[in-house]
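Given the sequences, and given the hints that come with them, work out the whole structure.
These protein sequence lines are chains X and P, in that order. Here this note's numbering = 1-based position in the first sequence + 15. Here this note's numbering = 1-based position in the second sequence + 67.
Rather than coming from a laboratory, the hints here were simulated on the basis of the structure. Treat the hints with caution; some may be incorrect.
[Stated by the list, open to error] What the simulated footprint calls covered on chain P by chain X, stretch by stretch (three residues with Cβ under 8 Å from a Cβ of chain X suffice, anywhere in the stretch; the number is not a length):
#	region
1	200–209
2	212–222
3	297–309
4	318–332
5	338–344
6	349–359
[What the hints assert, rightly or not] Quick look at which bits of chain X chain P covers, simulated, 3 or more residues with Cβ under 8 Å:
#	region
7	261–268
8	298–308
[As the list claims (entries may be wrong)] Short, incomplete list of chain P residues facing chain X, as computed with Cβ under 10 Å:
#	residue
9	I235
10	L239
11	M258
Fair warning: this is a prediction, and the values are worked out from it, not measured in the lab. Where a beta carbon is used, it is the ideal one built from N, C-alpha and C, also for glycine.
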Amino acid sequence: MRRYAVQRLGYGVVTMWLVTLCVFALLRVSGDPIKYMLPPEASFSDIERMRRVHGLDKPLWQQYLLFNKGIVTGEFGVSLRWDHRPAFEVFLSRLPATLQLTTAAVVFSVLLGVPLGVLAATRPNSLWDRLGRTGAVIGQSMPVFWVGLLLILLFTVWLGWLPSAGGIDRLGLAGLIMPAVSLGFYLVAAHMRIVRSTMLDALSAPYIVMVQAKGIPRRVVLWKHALKNAAIPVFTLFAVNFAQLISGAVITESIFAWPGMGRLLVESVFARDYAVVQTVVFFAAAMIVILNIVVDLTYAWLDPRIRLG
Amino acid sequence: MKGTGSEVIASVPPPLQASEVGLAAMVARVRNALRGAPTCSLVILALALICAMGAPLLAPSSPVVGELADALQPPGGAQHLLGTDNQGRDLLSRLIYGARISVTIGLLAVFVAGALGTAVAVLSGVYKGWVDVVLMRCTDAFLALPFLMVAVTVVSLLGPSMLNVILIIGLLRWMGYARVLRGEVLRLTEMDFVRLALVAGASHWHLMRRHVFPNLINTLLVLGTLELGVAVIAEAGLSFLGLGIPRPLPSWGTMLAESQQYFYIAWWLPVIPGLAITLLVMASNLTGDWLRDRTDPTRRQL
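Have a look at this one:
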């Protein structure tokens, strides 16, 4: 286990370093951040001064070293839009809202997707199963922003039940429902499909036949014995799904005015706040890498075939 | 003995002429190729393609200029079948031109991503060793990038335009191809015909071009079809945020973004473009699933 963990962590460090290289390359190659930060009517000397202040007059490799130094020391520059607060601090202030939203979306999708998948697997090709499968195909094709708009149209405009904008501090839990549902909508379909197919495999496995032969009630067989193994892919795919959730959060937070890091990114992009943009992108990537490692390690801990193989 | 040979030849029925194969055989071949095909999905894809190519001919009026007097008419009117938006622009015409944007960007982005991913996979699988290690680490790093965040940032730096949207989607979505195809390439290089080609002195370039790549085309087609939907959603998402196709071009994402101000008076503005995106994405997903089952029944899911 230790050897596997060390190897996996090593890979993680290499990946993280490559991610910094990717972020740096994509951001620097695609445009001049100074022109980005200053209004078009800025004078030439303004541009030169700004360039010196941000260290952008140095050669690219030195800039890259500075960028890495910033990451190690935790200095990501100051925000232009948010009263010159450190970019990292601005990012941290928005992080909890995104975590609330993504957690709520995952909980919603698991609570709905897993039981639907189990139901579909217990009665293959029944009406339930076919309805569920059709629903999953449609659900996976609907873009997250359309789901959000339809929810607003239905529950805010027509029924007037739920508020459509504001974040949890202002609206309480009622304000969390629609953003979480629209962000988690895609995952419901994904979870349903995975659980259905793994559950079908599990139900024909010898250990389940054995349990059934012992006369254990069907309910217990399904929800305890079979689901335990069938649910593992839901867990292992969590890291992949999380990357999707972060992308989805950018749009969901914009629609519902949710004060998280996705909305922070869009606001910063339009305010041309380069330091904050860079910080948000970097930490979102870091979160995905770390989550990948944690999932891999936990999985190896659960399943000896991985760590010994 | 003279003449025996020609008699033998004469007894063999003459090879079929192209004219004899004819229409019936052609129809049979097409029907066989389309066995079990999702008809609705193929029709939707064909419709989107026709709209994309013939937009100027098909659209009843201009997609960017409207009569303010006709603003916000509901669908079903004699003049405007799907209604009009706040500027009196015909929604059907905007939808048809929107199909042109979605299909163009979808296809080109898939092409860019597919080319990149295939190149990485083939290099990785044929050269193996440190090339493989480096390329796969890079693939992992790109997989860890939060797609939409990076896309939003890069497009805002480069400036919103069709080309930039295509490039950024292509540049951020090649990892799926690279991972799946690399497995295929590794499997192929273990097979006898590739080893024999190597023994016969084939160069790596010849090997990749003549023996490896042709065997990847099936998988590439399946992945490309499935990724088309992803690219369409990505473009619509970027445009929705105001960082994709510049206005007044009628991207479906832009149309949805603009609809937000008219929720209380015009339900058709958010509903119809979203429906168009969903149908196109669903059609390409279902077609991709079908192609996968056709080319490789062992990987059938659900």
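Hint check:
1. For the region 200–209 of chain P, the stated coverage by chain X is satisfied: 5 residues place a CB nearer than 8 Å to a CB of that chain, which reaches the threshold of 3.
2. Beta-carbon proximity to chain X at under 8 Å applies to 9 residues in the region 212–222 of chain P; the threshold of 3 is reached and the given coverage holds.
3. Taking a C-beta to C-beta cut-off of 8 Å, the region 297–309 of chain P contributes 6 residues in contact with chain X, enough for the three needed, and the coverage statement holds.
4. Look at the region 318–332 of chain P against chain X: 6 of its residues bring a Cβ nearer than 8 Å to a Cβ of that chain, three or more, so the hint holds.
5. Coverage of a stretch by a chain is defined here by at least three residues with a beta carbon nearer than 8 Å to that chain's beta carbons; for the region 338–344 of chain P and chain X the count is 3, and the condition holds.
6. Only residues whose C-beta sits within less than 8 Å of a C-beta in chain X count toward coverage, and the region 349–359 of chain P has 3 of them, enough to reach three; the restraint holds.
7. Note: the region 261–268 of chain X has 5 residues with beta-carbon separation from chain P under 8 Å; the three-residue rule is met and the coverage holds.
8. For the region 298–308 of chain X, the stated coverage by chain P is satisfied: 5 residues place a CB nearer than 8 Å to a CB of that chain, which reaches the threshold of 3.
9. Interface restraint check: I235 (chain P) against chain X, minimum CB-CB distance 9 Å, threshold 10 Å, status holds.
10. Against a cut-off of 10 Å between C-beta atoms, the interface hint on L239 (chain P) holds, since the closest Cβ of chain X lies about 9 Å away.
11. Contact between M258 (chain P) and chain X, as hinted, is not supported at the beta carbon level, the nearest pair being about 24 Å apart and thus beyond 10 Å.
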